[in-house]
Amino acid sequence: MHRNVRFAVSVLAVTSMVALVGCSTAADNDGDTQTLKIVYQETDSFTALDTLFTKIKPEFEAAHDGVTVELQPIQANDDDYSTKLALSQQSGETAPDVFYEDTFRLRSDIDAGYLLNLDDHVAGWDDWSQFNEGAKAAGMGDDGSIYAVPLGTDTRAIWYSKPVLEAAGITIPWQPETWDDILEVARAIQDSQPAVVPFNMYAGKGTGEGTVMQSFYELLYGTGDELYNEDEQKWVVGSDGFKDSLDFLKTLYDEGLAVTPAEALDANVWKKVFGELFPQGKLGGTVEGSYTPSFWQEGGSYAWPEYVDDMGVAAFPTQNGEAPQGVSMSGGWTLAVGAKTENPDLAFEFLTLALNQENALWYDINNSQIAVRADVASEQSYLEANPFVAAVTDLVSVTHFRPATSDYPKISAEVQAATEAVITGQLRVDDAAAAYDAAVEGIVGSDKVTD
Amino acid sequence: MTAEVIVPALAGPAPAGRTGRRQKPTTTWRLLPILPAIVLLLIFLAGPVVWSFYGSFTNASLTGVNAQNPAWIGFGNYLRLFSDPVFPLSLGLTVVFVLASAIVGQNFLGLGIALLMNRAHRFVAGAVGTCVVAAWVLPEIVAAFVAYAYFSQDGTLNQLLAALGMTGPNWLYSFPMLAIVLANVWRGTAFSMMVYRAALNDVPIEITEAAMIDGAGGAKRLFLITIPMIKSSITTNLMLITLQTLSVFTLVWVMTAGGPGNQSTILPVMAFQEAFRFSDIGYGTAIATVMLLIGAVFSIIYIRALRPSKG
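Top to bottom, those sequences are chains H and P. Note that my numbering has the first sequence beginning at 1483, numbered continuously upward. Note that my numbering has the second sequence beginning at 2, numbered continuously upward.
Everything hinted at is true.
Pairs of lysine to aspartate or glutamate, EDC-like flavour, derived with a Cα cap of 20 Å:
1) Lys-1764(H) - Asp-155(P)
2) Lys-1754(H) - Asp-155(P)
3) Lys-1725(H) - Glu-1923(H)
4) Lys-1725(H) - Asp-1662(H)
5) Lys-1753(H) - Asp-1560(H)
6) Lys-1566(H) - Asp-1584(H)
7) Lys-1539(H) - Glu-1524(H)
8) Lys-1537(H) - Glu-1552(H)
9) Lys-1753(H) - Asp-155(P)
Simulated from the structure, these hints should not be mistaken for laboratory data.
Extracted from the complex, chain P is given alone in its bound form (with noise of 0.2 Å):
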């Protein structure tokens, strides 16, 4: 017992006086091995954050004098973007997709398949994952493809339909924001329900098991035990299909190309159509910077839910 006492404090001060000599020299030395990933991040991660953010306030386009000499104009683009009838209704709409394909859509269909998986036989278990699985690792295009062929007017959907006696409407055309909430609901529920499985596979099987000698049924189980046991894990798993949702641009631009009219128009396809349709890339990049603070606002609330409570 003494012993274990006497070495800390006796290798305590003379090794410190040491380090603390030799603190710096260390740290630089250990920056050695990171400093080219650390240059790769800041030139192009950084880096194109930076001439977005800094685009965002200059008239530069793709064509016209504008091309050649680009002028600082302040803050021109965010004024005209707040005043743009088609901002409030594009970011109305961002936040409907957000709202219900992410947070609704793939967060509780992920929780609840991997709830089932738990309790199904594992063949069954097997084959639901590998078909959830399936469309997560198409890539984007082909999955976008994909589901503008079950959508679109002659597509599987409506054959399906046609074969139960039914006609159904052109999906694309006049449900746009159904269809690319429920085929990003469809495309990235893998993520969280892997992301769930993991998490459930933590909670220690005594604390369930006392739990039901203890006379708790299946949904006191649930919101009680698990739920609680897996708080970080729904809150990082948030974070990050937010994130993943808010920046969906292929899907929705090969299903719908914002239209008809700008009924499906989410921030990035609107962004894309001024920067790249309409040349302005001051303005669109305009809107990427409002994206990006719409990002940070939802990644502050879930870092704060994140924070482990006092007590």
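Bound conformation, chain H alone (with noise of 0.2 Å):
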């Protein structure tokens, strides 16, 4: 009986091993080739990144000898992307040694040991003094190491339709001085063009990120209210300007001054901005980034040459008028070179490769991006790549900067759906605010948050 119990014990093993073997599909590269993984997001309406990466590969693979890239791009949106990206991280066998990271989920992922520390690599890196300082800062992590090189930068702005405005009697060049100035052209757009959404901001947990970063923190930075205190190193919750930024949008979205609350909570209502109402002429104004006119110059997705003529920028105003003026909120993404990776130095140096001044021209140019190398951002190509960018570009003067902190995330979801209940009409406006304060309390603790 003891040599059955000891035979039906092995017979259990060796299923076992060839059951596990079987999972293990990749074979390990010891031999005399090597694989660098990149993952990346690719879109139909982002595709500059993977272009650039496939240029590059083929001089990558040529000068290194018996180095294969192996190209990943994952069909995702933001969400779904970061996501993708962070199972990814779960194994070595998965996990990519260059990556494409946004820099509000890099602290995050730096205290989840994704990203490699490159000091020692950066030191090294002649290129590396061509960067801005608010670029350095953007892939810093909380120790003050550097773990990304930002690709750019972008600031966000009111886009509008000029031929809109000026069937309502507005002046052209438009700039609002305060919130209710945005109303009152809206309400004028309104009574003159029932047809045309006058003025649309993004809300809802839909359109994620572009949300908070398109919507309401233009609103909330324009309140003289914040959402994290950085001196306390605490989170701000029962202010006014919580408030007054929510029910601003519930005004807009209330008197049909936006797009309908069910179009608002489609993830692809961008998509409709971009590609249907602005080029006919169905949208007065909205808040998007600096890189809006990549959507509309030739080879973007949603090519409309028109928009040169037709678009107008300005910036957004504070509350009140107060200065300085204008808010803008600044975001963009980074390559990062992975934790797990097994070879750090070829890592880097595609790193180096893709980011290096003419292909940092080339995607700034292509992806509508504000330059952070001083070589690229003085080029005479960079800057007559479209008639906005002196304008976007400016705004970096009045721009602000989401919370550097590895709970932000979970936070602006919640932001997201503060805004998603107001303008559903499911909760009041301080209802809705209170329950954001509890969420916020529930994620950081009651020591973490500030009046």
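The two chains are supplied separately, each in an independent frame; assemble them into the complex guided by the hints.
In structure tokens form, the structure reads like this:
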């Protein structure tokens, strides 16, 4: 009987081993070939990075004998991309060597141990001095070390349709000084052109980070209140600015000045804004990023050459016209090296090739990014890439950054939920703000919030 | 006659003694061919369940410090869940979803169609069967997009209503629960219909005919003969469709993503959102564990109902 038990155990062991070996298909590349896995996002409206990597892949492979660059584009929206990326980081087998990462998720992912410390690598990189201080800070962890290198940055502004505003009797160029100016113009458009959406601002969970970056924070940071108190290192709860901002969104949606709440909750509403509403002259204005021209320029996903003449840009105003008379938000995406990489030097070299002057210039022009390299920012071809480069670059002086803490992504999701509750009428403004306050306290603890 | 009695008596004790000694070796050897299957089941079915159960007691996360060093937090996730205002709502929506779409919708519609098909012309029965099964053979993601295209603002349903001169609401926004319940009924009725067709075929025609001769009408025959005779099929079917509906995710995610607000956030959607949108794996697995318990409660109820009544 003992013999049989032992036999059964050994059979069990053997079969489990067979099963386990069957699971690990990826072979170890310890021989003379090495593989670099590059993970990044690709969507029907974001192909610039894919084009760039496809271009430099043969260059890199030619320069390094026996190295294969494996491009792994993930076709997904921002939220799904970050989830898939985080899941791939769970195992050395699937973790990328080089990957594309949003600045607002950096600190959180650094804490999770997904990113390689690049201090030693950038120290020996001549081009590093070309990057501006803001860009260097964007890739920095809480410990002051560099973990990622930005591809570019962006700002947010009001984009408005000149024909629509002119038809409503508004003088062009338009620059609202207060929130009420926006409502006034929106109501004028509503009265003169009933078929036009007067002024849209994103809200709800569908548009994800777009809801906060291209809508809510422009409001909040123009009230004098903020999301996070950097000095105290605490999250702000119970602020009037938060409620006023929700209230402004509620007004836009309740009066039918924005798209319908049902449309706003559709994750693809921004495609409608760029692809249909603006080109067809059915939208007065919206808040969008400096990268907006990338959709409309030649080769963009919603090519519309007339945008150069039809569109105008204005700074988003502060609530009552307080200094500095404008608000903008900045973010941007970076390239980082995976902490689990077996070839850190090679991975960093690929990163530097992708971000050298020539490639950064191409990328910033084709993806309408605000350059972070001095030798790109001064290039004539960059400055002339579209008529709006100067205007959106000026907004850097009034821009804000999201709190760079690892709790931020969760709190952002709570802000999005608050906007959704308000525009759909599920909660009153005060209740939505109170629910947000309770959620924030639940996430960070009561010692990390302040009134 | 005597031979029949003697043979077992003779054969009885002697082999019994032999098998008594051999019983265990034989059983062990017999386990051998199914061992790989057991191992695979343990790894791929029991493994994730155990992992999920374990994960629900930790603060494991997809990002942040807890991704690197998840800590044991005991019942923390469960305490948080029971004080989460979304949880009772989500639990209620899940129960409504299961009751309305599975137990009422799929079950009764499936039984009704099966009964009618038994009487219908072969051609009609075939055509109806094909239509019903078509929704069921579609991959879930395709069925979900079809349902989305049907119920959305400019979808098929509203175009049909427009042709009749009516303006339909945005179903997915104004009536999200109704939309997903109808979609799940549409998708899942085929299963119940097929189970009941098979069961009805097993009801001996003689009994029904005898009842008819005794003067039992249609309703009486249905409630006194047919339903008692397919009782075990009904409970089996109820159990299967309940468990299937409890785990419906793709359909709801594609159609409403749990919105607007949380108005159609059934538990699987809530678990997904917490685990993968908010990166809170520990909390997400706690919700999954609660779903497992709900499924277990339903199963126990059905299994008890299935137990053959004594006497």
